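Input sequences plus hints: build the corresponding full structure.
Chains A and B, in that order, are what the protein sequence lines are.
With the first letter of the first sequence counted as 1, position 565 gets the number 565 in my numbering; the numbers rise by one all the way through.
With the first letter of the second sequence counted as 1, position 36 gets the number 36 in my numbering; the numbers rise by one all the way through.
Calculated from the structure, these hints are not laboratory results.
No false leads were slipped in.
Heads up, simulated BS3-like pairs for lysine-lysine below, C-alpha to C-alpha not over 27 Å straight-line: (1) B:Lys17 - A:Lys549; (2) A:Lys863 - A:Lys914; (3) B:Lys68 - A:Lys549.
Per the computed footprint, the stretches of chain B lying under chain A, defined by three or more beta-carbons under 8 Å from a beta-carbon of chain A, are: (4) 42-52; (5) 69-76; (6) 81-95; (7) 105-118.
So, partial list: chain B residues that the calculated Cβ filter (under 10 Å) puts toward chain A: (8) Ile99; (9) Leu102; (10) Arg121; (11) Gln147; (12) Ser148; (13) Leu149; (14) Ile150; (15) Gly151; (16) Asn152; (17) Ile180.
Please read all numbers here as calculations on a predicted model, not as lab measurements.
Glycine included, C-beta positions come from ideal geometry on N, C-alpha and C.
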Amino acid sequence: MKFFIFEIKYWLRQPMVYIFFLINALIIFGATYSDGIVVGGSFGNIHKNAPFVIQTYYSIMSLITLLMTTSFVLASTTRDFNYNTYQIIFTTPVNRLHYLLGKFLGAILISIIPLLGISLGVIVGCMMPDMDPEKIGAFSANAHISAILQLAIPNTLFSGAVVFMIAALTRSTIASFVGSMLLLLATGIAGAFAEDLDKEWLAILMDPYGSSTFSILTKYWTVSQKNNEILPLVGLYLYNRLLWIGISLILIAITSKVFSFTEKKRSSKTKMVAEDTEVIHAHQPLPVVRTSFNSWAEWVMFRMRLKYELLGIIKSPAFIVLMIAGLMNFIPSLITSSGMYGLSTYPVTYYMIDEVQGSFYLFLIAIIIIYSGQLVWKERDSKIEEIYDATPHPTWISFLSKFVSLSLIVFIVQSICIIACVLVQYAKGFYDIRLDVYIKSLLLIDYSGMLMMIAMAMFIHSMINNKYIAFFAYVVFVLLNSFLWRALEINSNMLQYGGKPSYIYSDMNGFGPFVEGITWFRIYWLLFALMISFLSVFAWVRGKEFSFKQKIKQIYLGIKSKQRRLLGVITVIWIITVGFVFYNTKILNTYNNKKEEENLMAQYEKSYKKYEGINQPRATDFKYHIDLFPKERRLSIHGSMWAKNKSDKTIHTLHFTLAKDFITDLSLKGVQKVVDDKKHNYRIYKLNHPIAPGDSMEIEFSCDYIARGFENEVSFRSVVDNGTFFNNFDFVPQIGYQPNNELSDRDSRKDHDLPEAPRAPKLVRNCTNQCMNNYLCNNSDWVNVETWFSTSSDQIAVAPGSLIKEWKEGNRNYYHYKLDHYSMNFYSFISARFLVARTKHHAIDVEVYYDSKHKYNVENMQKSMKKSLDYYTTNFGPYYHKQVRIIEFPRYETFAQAFPGSMPYSEGIGFIAKIEKEDDIDMVFYVVAHEMAHQYWAHQLMSSEMQGATMLTETFAQYSALMVMEKEYGKKAMKKFLKYEMDRYLRSRGTERLKELPLMMNENQGYIHYNKGSLVMYYLRDMIGEENVNKSLRTLLTNYGYQQPPYPNSYLAVDAFRENTPDSLKYLIKDLFETITLYNNKVLDASAHKTEKGKYVLTLKVQSQKFRADSLGKESEIPVNDWIEIGVYTEPQQGKKQGELIYLQKHLITKKETTFNLTLNTKPWEAGIDPINKMVDIVGDDNLSKVTLTEK
Amino acid sequence: MELVINNLCKTYPNGVKALDNVSMVIPHGMYGLLGPNGAGKSTLMRTIATLQEADSGTVTLGTINVLKDKKAVRQLLGYLPQEFGVYPRVSAYEMLDHIAVLKGIVKSSERKELILALLNRVNLFQHRKKSISGFSGGMKQRFGIAQSLIGNPQLIIVDEPTAGLDPGERNRFYNLLSEIGENVIVILSTHIVQDVRELCPQMAIIDKGRLLFNGSPESALQSLNGKIWEKSISKEEMEAYQKQNNFISGKLVSGKPLIHIYSDADPGNGFRTANADLEDVFFKTINA
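Rendered as structure tokens:
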């Protein structure tokens, strides 16, 4: 007990515990107060202080604080050895158990204190006056207490027990830190198990910190559960906690038992040197030496210091540990990179670089933070500073040797990373290695940033005369520098230390439009870093004078010294750079911060919302003459559109919203400009000759874009050297007020006193007036498009429709395209250095335009296009274009999008996807089939701007793609795909920002129209048959394909399904489309016995619950009256996971619990309800159970 | 070359006056700086060794302004601080080589010759490859003196070099110091009176930042000759004697207090005359 109290008193007097506490509190405060900082992820409707969030913080932070615990426990267990007091203590008659446990428990109790910072952070964060009260729930003391009891204490105990064991037995700091690093790593690996859905229970048991357990058990929690419930300490969670508390106690017991009181032999490194008594030798004159202090001597000093500092870092334990831990974290993730649907990609260089940045930089930054301080304090720490400082070396040698040595280390580490990446690429059989990209990304862009970090850290350490405060100050600086500017809504790279435009490397376009800005900002900040390095040298502590006044004096003397000329030159160059950067980013180009941007949007709405929906002509025919100059990033467009008065009233005024990235010139005849709002890009013209109903007028316009100098952030990445990709909305002047330009974020709208905006207009049946606009645009319907498109001689330009003519003129390529059939007014223009793969499928050109580096999946894409065409033309109806094109574009965006006859597809997805294993989901095939389906579901059947609109496009496209995929890959592959969809849907509904809606009323919510859509349509197909589904879809197309306003809505689709559904299953329509319905099916008992005739009688007791959920996920049970499948499997063959399905029947289930008696010919192995997981099931993995064989 | 200190003042931010108008002239040879702990010795030493700033006053070494031209001083300086550590895992040879480079000995052959000679001189030759962190206190001090001798120093400052050494080690250390102290200025700061008596032809006594005595030990002793009186007393009497203004010091001899007092004439009362030693000078000066 006295050791316990001593330990606590000791630590409470140390700053460490308070610093750690504050760090944790600050992190969590940041996560609570700002949406920019995310710890574990809480968003949308989940309260900032929801019990779920608090528990998540505690489980994640107890992993992060492992190193803090290590410091405490390690120091407590080894302190007596370090200060040699062990000899005193161990000779006194203390009980060794008391001694050991007292110290250990004291350290543990202290280690828990920093974790409590989490609660402080949450509580203080919620008290901030400008917090949105809707984001804060009621204070729940229970949540804090249970998180502390269930997570903080057991986790700290476990971390402590492991470190305690290592520290007490080895008494080595290195071993202890290595041990805790390994622990961190092992936990990470256990967590990785959780990603493979089948091994969850294992992950739960192998999870010492309960964080994986917590996230697995709550992954399908709804918003309301997350806000109100505390994960109860039962079941797997309880077992996990008990297991690891048990393990901790065992570790402690073993340690106490083994720990020896006899002093371990001193290691050979610190061997005492035997004393000799005979001392002074006969007087010998010392040799005469020459001393010199010229620049050669300074070079010799520098070289020696550098070598010494380098070896010092490389040999030091913390460096070795951090490197090993970093590489151990980094190399596995390098080897197993995976993308969507568990699919891997080719190890292209930029992915490797992402991995370095993602999984290694944390360690590198730790090395920089630790060593920039360690080096500055090295002489003082080893108490040699008085001897060292009194030698006649120039001060800059100290600074420079330390700076250069750390810089070299970082450089070497970066180079090692590159070598590791290249080896992995080779090992994976990938030979398109881009060394230049490695060098530019890691050794130029990133490395220069690290030099800035080192310079700033050393500056802070030479300005602040307390090592710990300086460390703390630097960490605070790093945090503030990363978050403060954003919080203040100042996003100038000229203010954020080391700021530069963010960039994306693209295989197609290299570093493209980012190069100039990055280069100049790097020069700007490197010069600044150089200037503060001069100050560091001036303020360098030499001797025993520490006062701040002294530093100021030293700096003053330094600036006056002979170095002033050099410093002056640098300062002048820097000031010129400041001017140049300012000229480019603020005068040649302008940028708005988020707030200014929001202001503009809010003012646009406030000024012009009143014109929304006024009678305006609608565009019908477009002609474009486009001249693209890729090298200069210049685009010049002359266009014309015919605008028709489709109403029965005369139109007197014309309203336009102009595109913001372009300089637009509208040439209208016979008009008077009434409003020309350049700030909000709005124009109103009064027509001298009003447009009578049915009449049209031609509107000519020209739009120009040219990149000038460089920007603070590259704002328009659509026009680039290789891979220009833009669509008509990017430049065409839009007739009328555009609600798409309104501020959409709920909080920002509130800030600007704008009324809450619904995500979509309410769904109404039999609508006419409300259905006059489709959900793509509000000023046109089906349009004709003709394009003349010129580009540089090495590029191919693609526009919508068939290629009419292609020619060369001057040094440029010209193309003339024309749309074969009128289409939605939404299409893209692309130009790049393409290779083209062309085939014909029936009368249709099937083309892939791709970059020469990305030929991997071209054939597969063509196959998918053909298979899709086959299925869709057979089952849905004719295809009206003469071509289907897939066109690659740079990965500035990562999507694929369907335009009439063409599907631009990002290089970042699909083109580098790698289908390795047989049972991998063929993502490439699927995405192409989906986009192909949009040629029907969007480009033929277009829905009105209203709730449920995307059901007619996205959900049907999902269904179509599923059908094409199933034909190609079989039902088994579908099961895997649908499992992902189910998982995605159930997870996402728990993070919904506003409210979940039934499918037919969804408001463009991805997890509903894609993920739930897949499940719903596949299940419907299963219940009513493929032909009935397709018949419904066909009917829709026949009745509403290319429909002029009013546009159809989801009622019509649901009605079509209802018509083709037998009465006995009509309930499905309500469950699937009109409501949010979920099930909880599970097996309660499954047993079988063999009859005398050699048959098996299976008794299967199942439970089936049906729930209706409200918009926040609050579920209420409703009576079940559904046809649900019952299935039985045989014993799996060796090496297989599942046996053959020997029984599968739909049964009408009307009670919560039902028992079936089935007679089977084969021995049943597994049996269950909804065995293939076709229904939306809250807990999907208890639907099957192993059959127990009984005697009778 | 002489070291001349004029009106040197230094006050620490916490208000402690470490140097209060100190002036002295330090010639060639060993110079003892005597004073109790906290007297300002180290501040004075560090100021001369360019490691601290003075508030006012001047220090000149020959023609060098010590407070301004630190670089020039460092080129002539050998300094052994009161306490020092070493880099971990570095051998004596490596460390000396390191310091030799920093002291401007550019040629590695010269460095090698010098360091081996120095190691020989301080009898660390056979331990030259061993890590200094494993050295005993005496060996470490010898290493310290070796490093301070690198580079032909003209001004050697040793701050409390004998603290923590046993008497044998102390003797050896003195021998070494006196040898090198013949042609250069050696400033030896100590609170042990005996050190100065044995080594230094010149000395100064400072206390509370003030210079109290400056001259040769002999002249100091001479001034006290015949004026020191001693008496054995009981412990109970001690307090009364201590209050007398002529009280110099009291120490235990065979468990009984023996006190020294200063008196021009025989004070009687059982006092007998005693031989004045430097300790009396010391206490007389600082108690005055």
